[in-house]
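Take any residue in the sequence shown, count from 1 to its spot, add 17: that is its number in the numbering used here.
Calculated from the structure, these hints are not laboratory results.
Be aware that a few hints might be false.
Here are the in silico distance ranges between beta carbons for each label pair [unchecked claim]: (1) F45 with I108: 25 to 31 Å; (2) T115 with R92: 28 to 34 Å; (3) L78 with M103: 24 to 30 Å; (4) F45 with I21: 34 to 40 Å; (5) V22 with I49: 39 to 45 Å; (6) D127 with V89: 30 to 36 Å; (7) L82 with T115: 18 to 24 Å; (8) S56 with G97: 40 to 46 Å.
For glycine and all other residues, C-beta sits at the position ideal for the given N, C-alpha and C.
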Amino acid sequence: MESIVILLLAAGMGLVSVEMFGRTWLGFLGLIAAAFLKSNGSISSRTFAGRMHESLLQLLLCGGLLLLAFTVYVRLLGLGFSKPEMVFYLIAAVIRLTTFIRSLEQSIDDMFETD
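Please take these sequences and the hints and turn them into a complete structure.
See the structure below:
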C-alpha cells in the first residue's frame, strides 16, 4: 500500500512540476510581452502596469511553489530516487506537457492583445 502512495506522489509531482514550470515561464514571457507592447505604444500605462503585476506575481508565485514542492518532495520526504518513482514522474509529466503545449499558442497570443 505504501508503494502505491509513493508512486501516486511521484505522478502528482510530475503533473505539478510541469504546470508550475510552464506557468513560471509564461509569467516571464508575459513580462517581456508587456514591455514590448508598451515600447511600441500598443498598450496604455494602466494596462502595462496591470500586465506587469499579473505576470510578475505569476512568475514569483509559481516559481516559489515549484521550489517548495521539490524541497518537500526530495529533501523532507526523501522521495524521487527510485526507478519506479522516476518512471511514474516521467509518464505524468509527459501527459501534462502534451496538454500544456496544446494551449501554449493561445496563451502567447493572449499576451500580445492590445488595448
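24 to 30 Å as the expected CB spacing between M103 and L78, which holds or is violated: This hint holds: roughly 27 Å between Cβ atoms.
Confirm or reject the claim that V22 and I49 have a C-beta distance inside 39 to 45 Å. holds (41 Å)
Evaluate the given range 28 to 34 Å for the C-beta pair formed by T115 and R92. The hinted range 28 to 34 Å holds for T115 and R92, with Cβ atoms some 29 Å apart.
Quick check on a hinted range of 18 to 24 Å for L82 and T115, using CB atoms only. holds (22 Å)
Given the range 30 to 36 Å, decide if the beta-carbon distance of D127 to V89 lies inside it. Distance hint for D127, V89 holds at roughly 32 Å.
If I claimed the Cβ atoms of S56 and G97 lie 40 to 46 Å apart, would that claim hold in this structure? holds (42 Å)
34 to 40 Å was suggested as the range; check whether the CB atoms of F45 and I21 agree with it. holds (37 Å)
In this structure, is the beta-carbon distance linking F45 and I108 contained in 25 to 31 Å? Given about 27 Å between the Cβ atoms, the range holds.
Taken one by one, the earlier hints all hold for this structure without exception.
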